[in-house]
Each structure stands twice: as C-alpha cells, then as structure tokens.
Amino acid sequence: MSSAPQPAIEFRDVSYRANGGGLLLNAISLRFESGTTTALLGRSGAGKTTLLRLVNQLLPTSGGKLLVEGKDAHAWNPVFLRRRIGYAIQETGLFPHFTIARNIALALELEGKSAGERRARAFEMLKMVGLNAEYADRYPHELSGGQRQRAGVARALVASPSILLLDEPFGALDPLTRRELQEMTRSLLRQLRTTTLLVTHDLEEALYIADRIILLDAGRVVADQPSAQFRGSPQPEVREYVRAFRHAEGPQ
Amino acid sequence: MSGFGGFFVQHASEIGRLTLEHLWLTVSALLLACAIAVPLGILMTRYAVLAQPSLFVANTLQTIPSLALFGFLLPLPWLGERAARIAIAALTAYAVLPILRNTYAGIRGIDPALQEVANALGMTGMQRLRKIELPLSSSVILAGIRTATVTCVGIATIAAAVGAGGLGEFIFRGVASVDNRLVLAGAVPAALLALGADFSLGLLERALRVPGRR
Numbered sequence: 001m002s003s004a005p006q007p008a009i010e011f012r013d014v015s016y017r018a019n020g021g022g023l024l025l026n027a028i029s030l031r032f033e034s035g036t037t038t039a040l041l042g043r044s045g046a047g048k049t050t051l052l053r054l055v056n057q058l059l060p061t062s063g064g065k066l067l068v069e070g071k072d073a074h075a076w077n078p079v080f081l082r083r084r085i086g087y088a089i090q091e092t093g094l095f096p097h098f099t100i101a102r103n104i105a106l107a108l109e110l111e112g113k114s115a116g117e118r119r120a121r122a123f124e125m126l127k128m129v130g131l132n133a134e135y136a137d138r139y140p141h142e143l144s145g146g147q148r149q150r151a152g153v154a155r156a157l158v159a160s161p162s163i164l165l166l167d168e169p170f171g172a173l174d175p176l177t178r179r180e181l182q183e184m185t186r187s188l189l190r191q192l193r194t195t196t197l198l199v200t201h202d203l204e205e206a207l208y209i210a211d212r213i214i215l216l217d218a219g220r221v222v223a224d225q226p227s228a229q230f231r232g233s234p235q236p237e238v239r240e241y242v243r244a245f246r247h248a249e250g251p252q
Numbered sequence: 001m002s003g004f005g006g007f008f009v010q011h012a013s014e015i016g017r018l019t020l021e022h023l024w025l026t027v028s029a030l031l032l033a034c035a036i037a038v039p040l041g042i043l044m045t046r047y048a049v050l051a052q053p054s055l056f057v058a059n060t061l062q063t064i065p066s067l068a069l070f071g072f073l074l075p076l077p078w079l080g081e082r083a084a085r086i087a088i089a090a091l092t093a094y095a096v097l098p099i100l101r102n103t104y105a106g107i108r109g110i111d112p113a114l115q116e117v118a119n120a121l122g123m124t125g126m127q128r129l130r131k132i133e134l135p136l137s138s139s140v141i142l143a144g145i146r147t148a149t150v151t152c153v154g155i156a157t158i159a160a161a162v163g164a165g166g167l168g169e170f171i172f173r174g175v176a177s178v179d180n181r182l183v184l185a186g187a188v189p190a191a192l193l194a195l196g197a198d199f200s201l202g203l204l205e206r207a208l209r210v211p212g213r214r
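Each protein sequence line maps, in turn, to chains C and R. Everything in the first sequence is counted per the numbering used here, starting at 1 for the first residue and increasing by one. Everything in the second sequence is counted per the numbering used here, starting at 1 for the first residue and increasing by one.
Mixed in with the good hints, there may be bad ones.
Here are a few chain R residues that face chain C, going by a calculated C-beta distance under 10 Å [stated by the list, open to error]:
1) Gln-52
2) Gly-109
3) Asp-111
4) Leu-114
5) Ala-118
6) Asn-119
7) Leu-121
8) Met-123
9) Leu-136
No lab work stands behind these hints: they were computed from the structure. We put the CB at the ideal spot given by N, CA and C, even for glycine.
Hey, can you work out the whole structure from these sequences and the hints?
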C-alpha cells in the first residue's frame, strides 16, 4: 500500500443484495478521505441511501470489504460503530416524546454522560445550528420543519462524530429554508472537518456543499469527480444528469 | 321500584363484599395477563416467527364461550378451595388477547424511520425498547388493557358458577330464584365497575398519548 493516510471509509468491491432480491450495489470501490465532504447523486433507486446505510451497518454488506476507520465494518460492534457516526435523515426522525434538548443530546445520554453535561452541550449545539435557546424544552411538533431539521443536524453532530451521514436532510423543506440550511451545513462542515457523505437529488446542493460528487446509477458508480469539475465533465452520464437537472429547474 | 332501593340498602354490606371479590378476581387476572402479554408482545416484534402462533393461541382462547370454559372447570376435583385461583386463570386467558395484540401492533406501528434512527444512534435493543418503543406505544398498549378490563369485569360474573365469588353470585342466585332484584344487585355494580374502569383508563390513555406521533 502507498503511504497515503488511512481513509475514513473505504469500499473495496462492495456489493449489497437485498434479501433474496437483486443487486442494489454492485462492485463499489471508493475511498473517502478524512475530513472531506462527498455528495452521492443519482436517481431514486440508484443505491445512494443503501450505500450510506452500509457505512453504519444499518445494512450488512453482501460481498467485498468495507473498512470504517481502517476496521472491517462487520468486525465493529454495531452499537459502538454507530455511536461514532452522526446520522440525519429527511423529516429528521426526531423522537416526538422527547424535548428538543433531549433529542439533541441523546447520543450523550446513551454514553451515560451526566444531565448537566448533556444540557450544556445541547445549548451549545442549539447555538451552533442557529436555534434559539428557548426551543430546548419544546417538543418537535411545536417547531417548524426547518427548525426541526436544524435540531436533526445538531443531534447528528452532538457527540463530535468523526463521520457524518446525511440522507437528503433538506428534502422536505421549502426553497428558502433549504438554502439557509445548506449554508449552515456548509459552514459547519468547513469548520468541523467531519468526513461527510451527503445523499441528495439536488445537483445545486451537491455542488454547493460537497468537495466531491459521486454519481450512482443502478447500483454502480458512473462518475466520481471533484465538484468544481462536475458540471463541465464530458462524461455522457454526467452530462445527461446535469441536463436533466437544468431542465427540471426550468430556464434561468 | 321502591323495593329495589330498600333491597340495595339491606344488602349493602354483601354487595360491598362481592364487589371487592369481583375486583380482586379482575385485577389479579389483568396483572397476570399483562405480565404474560406485554413481554410476549415485545418478543413477537423481535422474533417474527412467534407472532402468528401466539396470536392464534390467544385468539382461540378468546373464542371459547366463557360459560363453557367455566363449565369445563366445574368437574375439577380440587376446585372448592382454589375456585378463585382457577377463575383468575380463566379470566387471564381472556385478557391476554387484547393486550398482546395491542402491544404487538403498538410497537410495530411506530414509524420505521424512528426505529432506524434509534438504531443509527447506537441504541442497544434494550435502550430502544425502554426509551423509544414502550413510551411511544404506551397509549396503544393501555387501550388493550382497557378492552381487557371491561371484558374481564363482565366475564368475572360467570366465575360465580365455579364458586369463585364476585358479583355473579347475586346474578346466579337471582336467576335461580327468579328474583330480579338479586340479578340487578349483581348486574348494576358490575356495569358500574366496567364503566368506571373504562372511563378512568380512557383518561390515562389520553394522558399517555404522544402528540405528533406519526
């Protein structure tokens, strides 16, 4: 092996087959260097979310080798692995029976941190994601969609994870709120240097937040490029995606 | 009608005693049923193979006409002294189904995204159960307990057939002696018990309901 630093996540010829079904991911080989942000683009069913869920072992790989922080994903105790990985999804998945502060500090609660420490950290996180401290003791249904999404990001980051997985975290928001959250996430990630995988349909979002874009189609990687070069790529699959996206967005 | 009022007053202490017996039968059976059905319902959500057979057994028990079940129990040689315990066992069999069904459905009905997030946060199975699944399904489970309670209060009147006591004693005596006052002395308190339990458990159920649960 070369002397390059160990990647945070490495897929070596990884495949995933759904129970008795077809191949959802086919011979994926990818390295995600520490501190980088990568967007996974592709149409619905391309395998983006599946790829994400392999990383924190919500799904088991069916073939190949997946290394997380240098260790085989199957060799990790899934509970410990997941506690090192932040995870946020569309519609946030905030627990309706917990206050915002408790939701945010849940990862610390699971680790047995004291109530005082959890509370202090929850307030820190609220500030970090631009939420007023008064929301700490409210319940999720009392917040707007954008506020909930901020809390969801705060929860994912509370334990200072080395890896962050975002599965269309802003998918359900109106364009203005979406933009605000993209800006917040981008600046947070620049500041924290957390290795991040972001699943999205939205090309603009990928270009804006990520350093690198991977385009998936039918369970395979069809393009893998630095964001800056993605739009200008001569690759037909990329051009098709970019064109389709522009069309969907309407004339500028 | 004046006869009834006088009759009730005259038999107040006996009505009180039988009502307490009735409560004892019902509450014991419900506690036992909860102790069986809640853990079993949780196991059913963990091991899918358990679900169908368990529900089948509970369903079958439920379909046995209660008078017939107590009738079957009558010839048991050691009935006499242990009548109350046997009646409680029989009542438990009836109470299991609604609690089991609701525990299973309550947990299964939790938004799968929340279950996934619980796992993704690194919760152990026990943490997920305690922090997420039970709190989010508590009102549904309680609704099952409520149904079981009302059923049990009713069926417990038949326990008197095996000599287990309870308000059914009045009813059976009333039927035997064609005395409607006796029948009512058993039926009215039993109905009030059922209504009272239904109402108070309903309040509790509402209090436990989680706002914004999807």
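Hint check results:
1. Interface hint status for Gln-52 (chain R): violated, as the beta-carbon distance to the closest one in chain C is roughly 19 Å, over 10 Å.
2. At a threshold of 10 Å, the smallest CB-CB gap from Gly-109 (chain R) to chain C is about 13 Å, leaving the interface hint violated.
3. Interface hint at Asp-111 (chain R): satisfied, since its Cβ lies 8 Å from the closest Cβ of chain C, which is below the 10 Å cut-off.
4. Evaluation of the Leu-114 (chain R) hint against chain C yields a held restraint, the C-beta minimum of about 6 Å falling below 10 Å.
5. Annotation: Ala-118 (chain R) was flagged as interfacial toward chain C, and the flag holds, the nearest CB pair being 8 Å apart, inside 10 Å.
6. Among the interface hints, the one on Asn-119 (chain R) holds; its C-beta lies about 6 Å from the nearest C-beta in chain C, closer than the 10 Å criterion.
7. At about 6 Å, the closest approach between the beta carbon of Leu-121 (chain R) and any beta carbon in chain C falls short of 10 Å, and the interface hint on this residue holds.
8. Residue-level restraint check for Met-123 (chain R) holds (minimum Cβ-Cβ distance to chain C is 6 Å; threshold 10 Å).
9. The closest approach between the C-beta of Leu-136 (chain R) and any C-beta of chain C is roughly 6 Å, which is under the 10 Å cut-off, so the hint is satisfied.
Going through the hint list in order, the structure does not satisfy hints 1 and 2.
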